[in-house]
Each structure stands twice: as structure tokens, then as C-alpha cells.
Amino acid sequence: MQRFRVPVLLVGAVVLLIAARGVDALVSDVPVLRFFLGIGAAVGAVFAFRWLSRRVEKRAEVTELAAAGRWRGLGHGVLIGAGAFLATMLLAVLFTDADITSGSFGACLGVAGSMASVAVTEELLFRGVVHRILEERTGSIIAIAVSSVIFGLTHLVNSNATLWGALAIAVEGGALLAIAYTATGSLWLPIGLHFAWNFTESGVFGTAVSGADGESGLLRTVLSGPDVLTGGTFGPEASLFALLCCLVPAVWMLRGAKLVTRR
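Per this note's numbering: the sequence shown = residues 1234 to 1496.
The reader is advised that the hints may include incorrect statements.
As the list claims (entries may be wrong) - No more than 20 Å apart at the CA atoms, straight line, and that leaves these computed lysine to any residue pairs for SDA-like:
| hint | residue 1 | residue 2 |
| --- | --- | --- |
| 1 | K1291 | P1240 |
| 2 | K1491 | L1480 |
| 3 | K1491 | A1378 |
Said to hold, decoys possible - Now the in silico label distances, taken between C-beta atoms and shown as ranges:
| hint | residue 1 | residue 2 | range |
| --- | --- | --- | --- |
| 4 | W1284 | L1477 | 21 to 27 Å |
| 5 | T1296 | L1323 | 23 to 29 Å |
| 6 | A1299 | T1494 | 20 to 26 Å |
| 7 | D1446 | L1477 | 22 to 28 Å |
Since the hints were made in silico from the structure, they are not lab data. Where is the CB? At the ideal position from N, CA and C, for every residue including glycine.
Please construct the entire structure, taking both the sequences and the accompanying hints into account.
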């Protein structure tokens, strides 16, 4: 089976992602259930990916999901992701017209579960399979570039997607998350970062996420002004503020990363 490891791992990771999205859609109107099932889907996806990797790749240990350093990696990722989006919103509020109204804790709770499953399953697919295998075959630089572009282009399927938004996601999201994985060799840091960015964006501020319609979180935020500053219908991720606030930690982590060269 190892001979066909790439397609098997890709299909397996895609199935986990689709299953998590399906579960979330079924319970989207029940916040408490959405939270617990989202967390359950995230945990289940990690165990399923470990099992699949061991079986297909004949690996004794799935080092990118090692228990050692798990909480440290997740914690650091959460701090970076939440900090980057809070900085993005601070700049947006200062330089655009922001209409911020109250939301609900229940909605915020539901979004937390949903974003946990999204962060885990997308990181398993894009960094755990696509980036990791590309890095083995081509080296870190090409892996970062190619996996980032693929990650960005997949967001074109969202309802309010734009080409600029997808390219922005490729740079600020894809590159940042790929560098986080390259710098640590672990998925825990990018998972924590991915979750915190999405949760702060949707669960706290209630803005659109990557072109998908925004949900009500603790707050409901509508930005008005030039698309280059607000992100337009794609959401704040398509703004210059988001690019700036994500490039800073990306460059910082890249400086300390040990890049893999082509073997």
C-alpha cells in the first residue's frame, strides 16, 4: 500500500474534511451540539489520520502529531493566530467605518466547535499530506510555495470568493501555516494558529470568513470602506491589513526554520 501512499492519504484526509463539514452542517442550528460534535470530529480526525499514516506509510510514529509538545504548540499557535487577527481588526476599525453590534455566547460556542474541526481537518490535508510530501520530494521552499497556492485556490469555491481573496489567503494563510509547520515539524502549531484566526474572525467578531457568509459570534461586525482595506465580500482576510499582520509572524518564524533541501 505504501506505493500508493499519496493518493490514499489525500483521499483519506479529504474524507475526514468532508465528514467534519457534513456533521457541522447537520447541527449548525444547535450551538451546544455543534460545539461538542465539532471538538469530537477534530479529535476523531487526529486519531484516524494517525492510524491511516501508520498503516499506509508503515511509520512507527506519526511525528507531526506527536503527543510531546502538543499543548505547547497549540498554545503558541492560538496566541499567534488570535494576536494576528486582533491586530488586523484594530487596524480595520481605525481606518474604515466599522459597525459593531452584539451577538450571542451560544453562537460563539457553536463556532468554536466548527472551527476546531475545520482547523484540524484542513491542516491534516494541506500541511500533513500535501506540504509534508512535497517537502520530502522538492524541499521546503517549493513545498511552501506550491501548498500555499493550492490552499488559496481551494477557497475559490466559497460563496463570495474572489481571485484576489484566494491569492491573499495563499500568502497570509497558506504561507504562514506552511512556515509554522516547517519551523516545528509539527502540526500542532499550525492547527492552533488556524483555529484561533478563524475563531477570532467568526466566533468573536462575526465577520465573513474566506468568502463564506459571516455568522453571528459574540459580536457582529460590518466593515465599510475601500475593499483593499475591508476585504469586501470576501471578509477581512482579503485586506491589506491581514496581509501585513500575517507576514510579520511568517517572516519571524521563517528566520528560525531549518529548511529542507531537495534530496
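Results for each hint:
{"no.": "1", "hint": "K1291 <-> P1240", "in the structure": "holds, 15 Å"}
{"no.": "2", "hint": "K1491 <-> L1480", "in the structure": "holds, 18 Å"}
{"no.": "3", "hint": "K1491 <-> A1378", "in the structure": "holds, 16 Å"}
{"no.": "4", "hint": "W1284 <-> L1477: 21 to 27 Å", "in the structure": "violated, 40 Å"}
{"no.": "5", "hint": "T1296 <-> L1323: 23 to 29 Å", "in the structure": "violated, 37 Å"}
{"no.": "6", "hint": "A1299 <-> T1494: 20 to 26 Å", "in the structure": "holds, 24 Å"}
{"no.": "7", "hint": "D1446 <-> L1477: 22 to 28 Å", "in the structure": "holds, 25 Å"}
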